[in-house]
Structures are given as C-alpha cells and as structure tokens.
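Peer 1: The residues making up each chain are set out below.
2 protein chains.
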Amino acid sequence: MNYKFSERLSTFSSSAVREILKLTQKKSIISFAGGLPAEEHFPVAAIGEAFERVVKEGNKAFQYGLTEGFLPLRESICRWMVHKGVTVTPDDMLITTGSQQAIDLLTRIYIDKGDVILVERPTYLSALQVFRSYGATLVSVETDRDGMVLEDLEAKLKQYRPKLAYVIPTFSNPTGNAWSLERRLGTIKLCREHDTLILEDDPYGELKFGDATVKYPSLFSLDQHPNGSCVVYTSTFSKTVAPGLRTGWVMGDPEIIRNMARAKQAADLQSSTLDQQTLYQLMTHFDLDGHIEFVRKEYEKRMRQMAQLLKGQNWPGVNWAEPKGGMFFWVELPEGVNTSDLLKTAVDLGVAFVPGVSFYAEESKFNTMRLNFTHNDAEATITGMERLSKAMDTVLVK
Amino acid sequence: MNYKFSERLSTFSSSAVREILKLTQKKSIISFAGGLPAEEHFPVAAIGEAFERVVKEGNKAFQYGLTEGFLPLRESICRWMVHKGVTVTPDDMLITTGSQQAIDLLTRIYIDKGDVILVERPTYLSALQVFRSYGATLVSVETDRDGMVLEDLEAKLKQYRPKLAYVIPTFSNPTGNAWSLERRLGTIKLCREHDTLILEDDPYGELKFGDATVKYPSLFSLDQHPNGSCVVYTSTFSKTVAPGLRTGWVMGDPEIIRNMARAKQAADLQSSTLDQQTLYQLMTHFDLDGHIEFVRKEYEKRMRQMAQLLKGQNWPGVNWAEPKGGMFFWVELPEGVNTSDLLKTAVDLGVAFVPGVSFYAEESKFNTMRLNFTHNDAEATITGMERLSKAMDTVLVK
Chain A
1 MNYKFSERLS
11 TFSSSAVREI
21 LKLTQKKSII
31 SFAGGLPAEE
41 HFPVAAIGEA
51 FERVVKEGNK
61 AFQYGLTEGF
71 LPLRESICRW
81 MVHKGVTVTP
91 DDMLITTGSQ
101 QAIDLLTRIY
111 IDKGDVILVE
121 RPTYLSALQV
131 FRSYGATLVS
141 VETDRDGMVL
151 EDLEAKLKQY
161 RPKLAYVIPT
171 FSNPTGNAWS
181 LERRLGTIKL
191 CREHDTLILE
201 DDPYGELKFG
211 DATVKYPSLF
221 SLDQHPNGSC
231 VVYTSTFSKT
241 VAPGLRTGWV
251 MGDPEIIRNM
261 ARAKQAADLQ
271 SSTLDQQTLY
281 QLMTHFDLDG
291 HIEFVRKEYE
301 KRMRQMAQLL
311 KGQNWPGVNW
321 AEPKGGMFFW
331 VELPEGVNTS
341 DLLKTAVDLG
351 VAFVPGVSFY
361 AEESKFNTMR
371 LNFTHNDAEA
381 TITGMERLSK
391 AMDTVLVK
Chain B
1 MNYKFSERLS
11 TFSSSAVREI
21 LKLTQKKSII
31 SFAGGLPAEE
41 HFPVAAIGEA
51 FERVVKEGNK
61 AFQYGLTEGF
71 LPLRESICRW
81 MVHKGVTVTP
91 DDMLITTGSQ
101 QAIDLLTRIY
111 IDKGDVILVE
121 RPTYLSALQV
131 FRSYGATLVS
141 VETDRDGMVL
151 EDLEAKLKQY
161 RPKLAYVIPT
171 FSNPTGNAWS
181 LERRLGTIKL
191 CREHDTLILE
201 DDPYGELKFG
211 DATVKYPSLF
221 SLDQHPNGSC
231 VVYTSTFSKT
241 VAPGLRTGWV
251 MGDPEIIRNM
261 ARAKQAADLQ
271 SSTLDQQTLY
281 QLMTHFDLDG
291 HIEFVRKEYE
301 KRMRQMAQLL
311 KGQNWPGVNW
321 AEPKGGMFFW
331 VELPEGVNTS
341 DLLKTAVDLG
351 VAFVPGVSFY
361 AEESKFNTMR
371 LNFTHNDAEA
381 TITGMERLSK
391 AMDTVLVK
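Residue numbers (this note's numbering), protein chains in the order written: chain A, 1 to 398; chain B, 1 to 398.
Keep in mind that the hints are not guaranteed to be accurate.
Copies of one chain are not kept apart here, so a pair can be met inside one copy or by any two copies together.
Each computed DSSO-like pair below joins lysine-lysine, with the alpha-carbon atoms no more than 30 Å apart [claimed, not checked]:
1. K56 x K365
2. K84 x K4
3. K344 x K113
4. K189 x K390
5. K84 x K113
6. K215 x K344
7. K390 x K301
8. K311 x K390
9. K84 x K297
10. K215 x K297
11. K390 x K56
12. K189 x K344
13. K301 x K113
14. K301 x K56
15. K189 x K4
16. K297 x K158
Don't read these hints as lab results, they were simulated from the structure. No experiment lies behind these values; they were computed from the predicted model shown.
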C-alpha cells in the first residue's frame, strides 16, 4: 500500500513544544518549556461540585448539543465579558475546543492559498502552524515592547494587502509584552483603513502583573463591536480554570461567527457538552473572579522569583525583560548561540525550555528562548535555573 | 469593514440535521431527525462515579495532555478492540473530538483540491461536507443492501483513480444496511490493487439487531493491520456511552496516525482531558459491554416498534427495509415527491425528519427521507408517526 499524502501535509511541522511535552512526561526533568498553568491551583473541588450539579440536571446534559455551544454558558461568558468593556450577545460568539480551534476555524473560512497574514515578530508558534497549513504567506511586522511598530505595519499593509493580522496584544506568547494604548488604537485604525481583519488572541489577559490601575483594553473592546468589527476576539478557560476542560470562545461580527460555526460542524460538530455544562455551573456557583485574582497573584510571585534568579545569573550578553503579564520570559542570547543545540545540552542536564526559532514567521533568531514561570513551584524553579545555568555555561564566554 | 471570506467558505453548506436540531430545541415537536441516542439510557451514575475517580487522581488530571490522547484510555480501547478482531498498540491510534474530527483530520492530511473520493450512495452527510470543504471531487459508487456494488467500484477505481474511499459498512447512516462479507473482502482487494485508502467509519457497529450469530467484521480487522493497512478505522463513544463526552478514536498505519496527530496539533492541540480521563475510569470500573448489550436491546425494541408502525401505514409507493443495526430507517417515497417540501408540512404538524437529498454526493434523490428510531420513547414514536402520517397524506395519492 503506497500512501499518497496531501501536499498540505508538508506544511505541518510537528510543534517543538508538543514534542518536548512528550519528553518531559517521560523523564524527570524540570520543564520551563510548555505553557502549562500550575496544576496545584486548579479549582478541582469547585469543578467537582460543578460536575455534581451537571449530573443533577439530568441525562440531557450528556446529549449532543448545538455547534455554537451551550447557550447558558455563552450567556455567562457574555455577562462576564462586560467587565472587559465588551458588549455582545450569544449570537456573536462560538464555543471552541480551546482557542487553538478558533484560530483554525477563522483561517479556514477566511484564508485561501497565497493570502497574506501579518504577524508579530515573534509570535505564537502554533498559530503559525495553522496559517501555514492553509497555504498562507506569512509576513512579520516589526514588534517592540509596545506592540507592532505602526510605521512598519502601515508599510506592510500597503505592500502586501493582507487579509488578516494575527496579534496577541496583551501579554504576548512568547515575549510577555503588552501593547500601549496608542499602538492598539493605531493598529485598529490602520487595519480598518486597509480592510484587514484582526484576529486578537487573548489567552493571558487576566494574568496581569504590576500596577493594578494600568489597563490593557482589548482591541475588540476598543473597536465598534460586534457588528462590523474589524476584530475577531478569542480567549479560553485554559489559563483561568484548567486546560483539561478544553474550552475556549470566539467573538466577532455575527456573519463571521455564523460562518465559523459552519466550519465547526465539519471539523467536530461541537465541543464537549460535559465540559461546557461544567464550566457553566462553575461560572454560576463559584467565585471565578476571586479565583483568577488568587492565581494572578501566585503567578506574579513566580514571575518575580524567576526574574530574581535571572538577575542573579549575570549572564554576559544575555537580554530579557520582566513580562507585564502572562506566562513567559523571553530571553535573547548572544548572536551565534543556537538555542536548539543548547536544548539538547539542557535536557541532558535535566531542564527544558523552548528554543525561540519556532516563534518566527521568517528570518528566525536562533539565539532566543522562551521560559515558562507558571508551572514549577519555587523549589523546582531554583533547581531548574541551576541546571539551566550549567547549560548556559557551555555556550557563554565569561 | 468589508469581510473577504475564503473561496473554501462556499463549500460549507450548513448541515440540514444541525439546523433542524436547532429548530427542535425550540419547538415542542417530535423529532425523527437528529441521530440522537436515547438519553434516558446514558449511564449517568457510572459517569458520575468515574468523574469522582478522576478528581481523586489529583489535579494533574485537569492539565494539558498529549495530542495523541490520554495513554491509559488508548490502552483500554486497544484491549477492548480485541473482541472486534483488531490488534493494535496505542501508537497506532489517536483520540479525536468525536469521530467527525477523524474524518476531518484524515482528509486534511490526505486530500488535495481535485483529488477524487469514492463514497456510498447514499452516505453520511457531514462527511460529504468535510470532503467538499477540502475541494475533493466526490464520486458515488452504486450501493445496494449488501454494500458497494463491486463491478461499479472497480470501474470507478479505474476511471477516477481515487485517493480515498469513504464507507460505513456496518449499519450505514442513513440506510441501516450492513455489507456482506463478500463485498467487504472484495472492496479491500480492489482498493488495495488501486492504492486507494479506505476510511471505515464505524459509529454504529455495536448496535446490531437480529440473529446474534451473524457477524460483521470491520474492514480494518479483515485487512492486514495496523502496518501497511489500506484501511483507516474510526469509531466513537457517542453511541455507546454518551455524545456529551465527545470522544472518538481513529486507528491505522502508524505513519498515517502520526501525520493525523500533527494536523490535530494545529486543529485543537488535544481533545478534552476531562472527558478522556472520565472514559478511562468508566472503561476500567464499569461493565461497558453489559451496558452496550442493554442499549442494543432497547434500540432493537424501538426499531421493531417503528417497523410495525411503518408497516401499518400501508403508504402506496413507499419503500423501506428493516435496518440491520444502527439508528435509522431509510424511506423512499414515490418519484416526484420532494421531501424537503414535505418537511415544512411535517414541522407544521409537529414532527421532523431529515430529507434524503443531503446524503447524496451527486444526483440526489429528492424523494427520500431518514427516520431516527433511537431517541423517542414508545409513546412519542406513536404520536410522531401519526403526525408524519398526516404529512404524508398531503403528498401521497391513495
């Protein structure tokens, strides 16, 4: 039997993160690699109670449901989004199997082979993987600590006439940066002028560190919405409740949402009814905002610990900045160091990270790495940093 | 803002079934439309106990997991498949968000625009939707009560050199037919000779009626497997446990499975960890086979009741046959009757079915309909058939 795979298959590179995740499940290494939340802070007792309520609701809770998602959950999310300056109805949203699926579905209904998508430099690697699988041409926009550089964005909008711009303006994966208000407003204005749709990926928006009075309003909230919005917004419960419930959502103009629902019918008919019902009960009977605040504080502590440890290293020629939120430190090593090679040494020494190369759409910087600070406790973080330090010694000239 | 949707979008017709499902959630009509299992028979207490065990396993159960699926669940499914004559390891399988996702992922890695896919006539409408969305050219093979007609299959293999053949050999959706052993073996032989991969969709295999000694071995079990198999096999817990846990699986040559896993990373990273862990606990501590036998008997009762009611109608020029298993009756009305028009009348009278038109890849028969017999209890079925009878009176010449 000769298998005849599609041309498309060659575009699916296996994600470095997922491959490493496999590795770390097997070996007793300390991983700063995966974007894993701290499982000891999952509200498991509350999830258990929520599930009991689902069972009491009766057997219908385990039946097939609507492709668009369980209506009471969509209503709860709509109410919850009001505190983020977003006013939508359940018809303007779709429940997805994690926000990863929202990226896939929007690409499916919006992008043909050869269409251009603008992305940040660097950006989320699994989004790049999706875009490539649909044959999109990826163009990076210069990105600094405040977001996409507007002059470069405008030049690339004019040059490439992209259909879509994919951004993570609030606590970027991988950099932890947050866009300034000026860049947010400027990006919306420019993209609207050029009829370029923005996909705003916001998994980390709730995990803000530092000055509580500083706000980072979503692009979706800043633009007219939902009707005629030039922004499609996606978020998830994976970082605020638990990834195992595999539930995200996407909001936007109802025409876009309807079309994404049609694509979702083909993709998987619907997301898990059980997860959706459980999350609905959790949102109704549990202090989710209180829990998020608790997790946020814990992650800020872990971030500060890792910042302290990084500072202590005094690695020559190594640059990093304190993330404003989210889950990651982004570290730039001296030119010439290849962090993919370094990873092998690191894993031998019992520690893992993600080499930065996968986060670039083009002209990858081989001397970068992403470090997760949310998953390990204080002790493991100290040990992991000691091991990483040994690995770094093999490539840094002191 | 002018939205610029992909060309692909025009291929996503909204599924008639899903639209009707929406309708029936709103109105108090009796629905023979959706392929819904009987929710009163879901093993909800056992699912509840399984979930409690998951919670006891600790917080890690709610963390991100492997794209390939929760290993203990894959191991359990492998052991369970032995009674179906299938011997595979967890590396030869992937957990999916329902078997619908298996259809989508295989198409994604195997089919380019213009590639030909052979299908039965008629066949599962949501598979047609997936194939069309990837730009496949669909060709129907003549199909009778015993399966694909081998002469027509051979002619079409030669004429179209298809990459894939999609089949539901055991209790077809929509017809309830089961292929004979001769057709099963003949199809494998012919497809192997022409290097055409077979996607065997088997959601209903456990729901067999009539003579218990008659066996319908899966194509996958009849072919060499998993290495070098010309069959990729998919099934689901939706019909044997509950659809709300949204978990299916796919088995095949490990190269195909690895490639499907790469596509799944992009599509949704992984399926619900909670659902997978719950199903693992259920398979370990619950008599799943006993439960399946109970459900099978219940469905056979319901099938016989509906057969009795259909017989009693004596509708002139209307043909149907008793299904050998599964969930559906397939009814052919006199030429010239359009069941899509009839559906409007039927819904006004308080009953729904699926017009057959959507189950054809080409040259649709407009005078067909699919009736589900598993979802309604005896009383609702009687009332629904009375209503359907009134609707039929408007189109049948007595």
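Peer 1: Each hint should be assessed against the structure and marked as holding or not.
Peer 2: Going through the hints against the structure:
In this assembly of identical chains, K56 and K365 lie within 30 Å of each other by CA distance neither inside one copy nor across copies; the values are 54 Å within and 44 Å between. Taking CA atoms no more than 30 Å apart as the test, K84 paired with K4 passes between copies only; the shortest distance there is 28 Å, against 48 Å inside one copy. In the homo-oligomer, the alpha carbons of K344 and K113 never lie at most 30 Å apart, since the shortest distance is 36 Å inside one protomer and 40 Å across protomers. Taking the closest pair of Cα atoms, K189 and K390 never come within 30 Å of each other, the shortest separation being 48 Å inside a single copy and 59 Å across copies.
Proximity of K84 to K113 under the C-alpha cut-off of 30 Å is found in neither arrangement, the shortest distances being 35 Å within a copy and 42 Å between copies. For the identical chains of this complex, K215 and K344 are neighbours neither inside a copy (40 Å) nor across copies (52 Å), given an alpha-carbon limit of 30 Å. When the C-alpha separation of K390 and K301 is checked against a cutoff of 30 Å, the pair qualifies only within one copy, where the shortest distance is 24 Å, while the shortest distance between copies is 70 Å. Taking the closest pair of Cα atoms, K311 and K390 come within 30 Å of each other only inside a single copy of the chain (16 Å); across copies the shortest separation is 80 Å, beyond that limit.
In the homo-oligomer, the alpha carbons of K84 and K297 lie at most 30 Å apart inside one protomer (19 Å), although the nearest pairing across protomers, at 52 Å, exceeds that limit. For the identical chains of this complex, K215 and K297 are intra-copy neighbours only, at 16 Å inside a copy versus 60 Å across copies, given an alpha-carbon limit of 30 Å. In this assembly of identical chains, the alpha carbons of K390 and K56 never lie at most 30 Å apart, being 54 Å within a copy and 38 Å across copies at closest. Taking identical chains as interchangeable, the C-alpha atoms of K189 and K344 are never at most 30 Å apart, the minima being 44 Å within one chain and 47 Å between chains.
With identical chains, the CA atoms of K301 and K113 are never at most 30 Å apart, being 45 Å at best within one copy and 51 Å at best between copies. In the homo-oligomer, the alpha carbons of K301 and K56 lie at most 30 Å apart only across protomers (28 Å), although the nearest pairing inside one protomer, at 39 Å, exceeds that limit. In the homo-oligomer, the alpha carbons of K189 and K4 lie at most 30 Å apart only across protomers (18 Å), although the nearest pairing inside one protomer, at 46 Å, exceeds that limit. In this assembly of identical chains, K297 and K158 lie within 30 Å of each other by CA distance neither inside one copy nor across copies; the values are 43 Å within and 66 Å between.
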